[in-house]
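Chain order of the listed sequences is W and Y.
According to this note's numbering, the first sequence is numbered sequentially starting from 1489.
According to this note's numbering, the second sequence is numbered sequentially starting from 21.
In case anyone wonders, no lab produced these hints; they're calculated from the structure.
The reader is advised that the hints may include incorrect statements.
Said to hold, decoys possible - According to the in silico footprint, chain W covers these stretches of chain Y (three or more CB under 8 Å from chain W):
1. 28-36
2. 82-94
3. 101-112
4. 201-212
5. 280-294
To be verified - A few chain W residues facing chain Y, derived, Cβ under 8 Å:
6. K1549
7. G1570
8. H1704
9. P1705
10. A1720
11. F1745
12. I1766
13. G1767
14. A1768
15. E1772
16. P1877
17. D1881
As the list claims (entries may be wrong) - One-sided excerpt, in silico: chain Y residues whose CB lies under 8 Å from chain W:
18. P143
19. D236
20. E238
21. V260
22. V264
23. V273
24. A277
Yeah, the Cβ is synthetic: ideal placement off N, Cα and C, and Gly gets one too.
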Amino acid sequence: MTSNGPTSGLPALRITRRHALAGLAAGTATLAMPGLLRAQADTIRIGFPTPLTGPYAAEAKDQVRSAELAVKLVNDKGGIGGRKVELLVRDDKMNAGEAATRTLELIEKEKVHAVVGSLSSAVQLAINEVTRARGVIFVSISQSDTINEVKDFSRVTFHEALNPHMTTAAVAKHSFKPGMKIAYLVADYAFGHEILRGFKRAQAAIGAESVGEILHPIGAPDYSTFMPRLRAMKPDILCICNFGRDQANSIKQAVDFGLNKQAKIVVPVLLYTQRLGIGAEAYEGVIGGANYYWKLQDTLPSAKAFNDAYKAAYAGAYPTDYGAYGFTGMSSLLLAMEKAGGTDTDKVVAALENLTYDVAKGPQHYRKCDHQSVQSVLVLQSKAKADTPDQADPFRILAVEPASEDILRSCAELGFPS
Amino acid sequence: MDAELIAMQLFSGVALGAILVMVALGLSIIFGMLGVVNFAHGALFMVGAYAGLYVATLTGSFWWGMLIAPLAVGAFGMLIERVLIRPLYKRSVDDPLLLTFGLGYVLVESVRIGFGNEGMPFPTPPELAGVADLGIGYFPIYRLFVVGVVAVVLVLLWLGLEKTRFGLIVRAGARDPQIMRVLGVDVAKVWLMVFGLGVGLTALGGVLAAPMRSVDPEMGALVLAEAFVVTVIGGMGSLVGAVVAGLLIGIAVSMTALFAPEMATIVMFALMALVLLIRPQGLFGKPGRA
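Bound conformation, chain W alone:
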């Protein structure tokens, strides 16, 4: 039961103002102010649908802030070929239908040159359907395996986020041991299913065994009814495969029921915002993957530069994992537009395919066959309260799996002709 949030109300105002401005300019002063008209028409416009309301709102907010930062940095340097970049953020309410409608609106009415965004594997596929049909570039910053596969492949879609396959492989490698018993609590939608499939594939390779899988509805507030059964499975690892607010709530309730005393808790992605919200006690010892952690700055100059720019823009706050996707995804697109000398779709697609970029987390590039971003995967562990003198530094980096096509499924396995 959500309604049009304040965030989705603003753009409507913007349309009116723009129309009024354009009408005014065209009607009375076309000759006098050609510059104004051209400035409007020449702006590079990028649509950004993401779930600003709902259980993933915290991560979506970070995505927007980081994407805005990427746009600001480019505009501060004079834009792309003299054209300013404008970001048009829309609330997709984490609903596939809503996302498709908003995306269509961005393309048809707002005439965006490209779309970046999404934060739900199911919703991003709905956006992908629209952008594929319209031939508009889409840089997806939400996890999905399906989007890499040949049946969902789009020539104009690029997948900046990690995918469940590479995430789970890295996390399992550093947390599962041969002979371990693993119980799964899984969000019942595309992301949860793909994460579960990934973990079970890794589990089989390592020689661990599954002692049970429980599916829960996405956005569920209460997990207490699953806890007695999870406890009775006597697992060595409780693997919680969900996201956003669901992750914080399910981890907290598992700890309330004392499951952390019996099993180690492992998650696919260890969320910075949720950990800061819930506190050190509930997350203590939890292991999970990440695309980014600000501490990478100790070894990577690009991470340092990203953190510094972010801190300057947002009152000293550090960028987060899903926030970083907004930055890296948006930056890759803007770099490609720069290389292509504008917004021509074919040229930008070619530029993205040939791009190597290092804007926050070391070198990245989009693989030719499926347009998956080849990048490093971090494995993190949440520290105990006593070990966290710096509130902003709650995680310890256990491992960094280097960027390599070896951690992806092969193009042949995805169904692409070799």
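Position chain Y against the provided structure of chain W, taking the given hints into account.
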């Protein structure tokens, strides 16, 4: 499947149902006495949780939050009744329904503007953290506390309605407001109190639920749907029905979660459909009333 697991599951169901009982009771009291279907009830549950968090943060004590938030939100409920709902009593029954429906949106958006979209954590009060050994298994102390508070509230409510003069007027007013007016009772004042009471109960439910599941602007939507299911099963307007059906739903969801977790959400709606088919007025409802 051993007996201990089933017993634990039953108990989880009771704890889950306890919160539902609080919300459904308020909904049922308001409908039973005023004939108003309060669609803002879920949003007021959420407002209760935020108010509890706000007071707890301000005073540094969960207990003040638990005490003050329901009273404050209850008073806010009285203001809503006095200013917004009372002018609609003489109009069709749909009008208060539409009004409260819209009010629910206004409350959710106001909280989003004031406190953000992303929700906030609500730490378990330290004195109630940890797990207790029930003999059949381990159970969070806080959830035991919630069951206890709800039990106390139910007893107080029962005493208030059955043993006090105010309770007598309320019960009589629900039967026949016309006669009450003739007898010189200010029915408007009674309804004001009843609306405030109903809202206060759901706000208390919100405060109690918050440390288990944190607070967010959407937390009321699901609860409202569940509370409606409870009142339909228990019988619209029946307080005993709200209590019995609330616990029944909690247990049904919990037991389904044990055997077929994917069906846990749908089971309550299936149960509602079944009750509507066999006994349309609900388990404890009087025929002819909604």
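**Request:** Compare the structure with the hints numbered earlier in the document and write down the numbers of the violated ones, lowest to highest.
**Result:** Hints 2, 3, 4, 7, 14, 15, 16, 17, 21 and 22 not satisfied by this model.
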